[in-house]
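Protein chains: 2
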Amino acid sequence: MDSRTEISSLGEFGLIDHLTANIEFQNASSILGVGDDAAIVDHFGRQTVVSTDMLVEGVHFDLMYTPLKHLGYKSVVVNLSDIYAMNATPTQITMSIAVSNKFSVEALDEFYEGVYAACERYQVDLIGGDTCTSRTGFVISVTALGEVAPGSFVQRSGARKGDLICVSGDLGGAFLGLTLLEREKKIFLEHPAVQPDLENEQYVVGRLLKPEARQDIIRFFELQQFLPTSMMDISDGLSSELLHITSKSALGCIIYEEKLPVHEDARQAAFKFGLDPTACALSGGEDYELLFTIRQEDHDKIVLNEQISVIGYMTEPEKGCHIYTKGGNQFRITAQGWNAFKEQ
Amino acid sequence: MDSRTEISSLGEFGLIDHLTANIEFQNASSILGVGDDAAIVDHFGRQTVVSTDMLVEGVHFDLMYTPLKHLGYKSVVVNLSDIYAMNATPTQITMSIAVSNKFSVEALDEFYEGVYAACERYQVDLIGGDTCTSRTGFVISVTALGEVAPGSFVQRSGARKGDLICVSGDLGGAFLGLTLLEREKKIFLEHPAVQPDLENEQYVVGRLLKPEARQDIIRFFELQQFLPTSMMDISDGLSSELLHITSKSALGCIIYEEKLPVHEDARQAAFKFGLDPTACALSGGEDYELLFTIRQEDHDKIVLNEQISVIGYMTEPEKGCHIYTKGGNQFRITAQGWNAFKEQ
Chain A
1 MDSRTEISSL GEFGLIDHLT ANIEFQNASS ILGVGDDAAI VDHFGRQTVV
51 STDMLVEGVH FDLMYTPLKH LGYKSVVVNL SDIYAMNATP TQITMSIAVS
101 NKFSVEALDE FYEGVYAACE RYQVDLIGGD TCTSRTGFVI SVTALGEVAP
151 GSFVQRSGAR KGDLICVSGD LGGAFLGLTL LEREKKIFLE HPAVQPDLEN
201 EQYVVGRLLK PEARQDIIRF FELQQFLPTS MMDISDGLSS ELLHITSKSA
251 LGCIIYEEKL PVHEDARQAA FKFGLDPTAC ALSGGEDYEL LFTIRQEDHD
301 KIVLNEQISV IGYMTEPEKG CHIYTKGGNQ FRITAQGWNA FKEQ
Chain B
1 MDSRTEISSL GEFGLIDHLT ANIEFQNASS ILGVGDDAAI VDHFGRQTVV
51 STDMLVEGVH FDLMYTPLKH LGYKSVVVNL SDIYAMNATP TQITMSIAVS
101 NKFSVEALDE FYEGVYAACE RYQVDLIGGD TCTSRTGFVI SVTALGEVAP
151 GSFVQRSGAR KGDLICVSGD LGGAFLGLTL LEREKKIFLE HPAVQPDLEN
201 EQYVVGRLLK PEARQDIIRF FELQQFLPTS MMDISDGLSS ELLHITSKSA
251 LGCIIYEEKL PVHEDARQAA FKFGLDPTAC ALSGGEDYEL LFTIRQEDHD
301 KIVLNEQISV IGYMTEPEKG CHIYTKGGNQ FRITAQGWNA FKEQ
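In the order they appear, the protein sequences are chains A and B.
Counting in UniProt numbering, the first sequence runs from 1 upward without gaps.
Counting in UniProt numbering, the second sequence runs from 1 upward without gaps.
By construction, these hints were calculated from the structure, which means they are not laboratory data.
Be a bit skeptical, because a hint or two may be false.
When chains are identical, the list treats them as one kind, so a pair holds in a single copy or across two.
[Said to hold, decoys possible] Here are the simulated lysine to aspartate or glutamate pairs, DMTMM-like style, with alpha carbons at most 25 Å apart:
{"no.": "1", "residue 1": "K248", "residue 2": "E24"}
{"no.": "2", "residue 1": "K248", "residue 2": "E12"}
{"no.": "3", "residue 1": "K102", "residue 2": "D62"}
{"no.": "4", "residue 1": "K210", "residue 2": "D109"}
{"no.": "5", "residue 1": "K326", "residue 2": "D216"}
The following block holds chain A by itself, in its conformation from the complex:
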């Protein structure tokens, strides 16, 4: 950044005008956006899907290693991921931020560059928000709206016994990216002269800092003309989300360690840190992949999609939730999600 403009020099309304000056609507349903008491959305004949998430500095992100542009992008994407997880199409977002004076207008511009990049990538409209002062950290709250044909949304509760359990993409990468960046931060704080060693780690760092929402999977369902029986996005870790699906659907499940999709770069990173790649895949959060169940007769429809892995199947509730390891052992799945990791 070459120059620094104080937020106070623009004032609250000047700042909002500045940050929202270039919005162009992508959706016909966006009738009225930023600049009035509320925004207007028209979803005639479609159901509106609503999701909201809050991101807090020091809890969900660390500005020491999170570029603001990536943070803006990610804060949109994590909300869109929830909309896709309902089998819906995101159409609008509102973005509220609380910032302290340590941020310049240029810093907020970077953040919003990321916000707008995500809006453009996913064809959603920013239609409102709130910008206020924070005495302490940076807090971001995003609400996403989407639309779905009546009755076509997919809940967590619809899985049936025998359904195949599937995940998109690969798992554990974001957690390994976090582990790496936390290690580099610690080294930097102790030895400021040491340069970070991020070579060959682009994949896991990218998984943490710039996740994408699985729009492609939702489009694939539409193209293949079938629906999962249940679905959710993996934000807290596969174990935790599997327990949500089984509990909401009143079933048990079996998954297979050898079927868990782990990227080769994530596997290498895990070994480097002395971590078990399977534990990272089970308990690492923030991958924003989709976890869903399908009827066995729909297996043919997904088998050629390399972005989808079948990892197990749903069982009677009495059987509980278990993983079969490569060594032939069976372990009960417990919720050791993201939060557990962070609190250790």
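Chain A is fixed; fit chain B onto it per the hints.
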């Protein structure tokens, strides 16, 4: 409070279940609520109105004199006020909070008691949200959805030359309540033994801590079968909002000091603090009254409503925005809203 339950003893999902266990939907359009990735709303044939607001501890509220139940109530009401200000009917809200460990489950129950009381009073459904940890203060983010018949929403930009400027209720009370509570806080911090002197101040304190949104005014428009030409709610102060309406409508305005509605209790409180009641009405924020303009020919329709005051009229833009004082002077209106007050 007799007992204290640590939030950590419930865990995030246990806490959400605990706080949302008793939700019963009031609106047929609320299809699916808390407990999945997103909520589903059905607004067939109506337009969806969306508004969002963030409230930050130490900036928007002081927990030293704000009961949590009132805070929960107010955090809903300020959002509903924005929906009414579009001439729409609020139907759903999402509520996200970031809290530190200093809050017990019992404290959050109090907060949510207020949230649910507001939901019941205004017949809106809580359909989603996010609950997360804060390292520092309490942050609340609410998004409200509402509905309106297509094309019936009222923007800030619709005022025309000659339109009458109206406000609901009375102004300045909330600012005087804040002034009073800030004074009592200061006295308490300096002399903890001194008991607060809030006798005869219920009105102004109530205006700050438990504001109501003007649902009655929107219903009145419907009953009288006419629409304002422009409207917004008064959250930052009358001066600031008048400048928004005139700027968005590309007009000027004249208002009359003697027409400004100030409650007798607020007037007395102002005198007690050596403040000008008119300055409080112009620049004090958080009254959550409605500011709107109507065609002159609609004057008959509002004249008998004691909750509506005509305070002036819209002029050519060249004339700017002015107030005629009781003494016969004319002053330019400048934006000295809430924020300006707080920064002094």
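Status of each hint after checking the structure:
{"no.": "1", "hint": "K248 with E24", "verdict": "between (40 Å within a copy, 19 Å between copies)"}
{"no.": "2", "hint": "K248 with E12", "verdict": "between (44 Å within a copy, 16 Å between copies)"}
{"no.": "3", "hint": "K102 with D62", "verdict": "both (15 Å within a copy, 22 Å between copies)"}
{"no.": "4", "hint": "K210 with D109", "verdict": "within (18 Å within a copy, 36 Å between copies)"}
{"no.": "5", "hint": "K326 with D216", "verdict": "neither (31 Å within a copy, 66 Å between copies)"}
The earlier numbered hint that this structure contradicts is number 5, and it is the only one.
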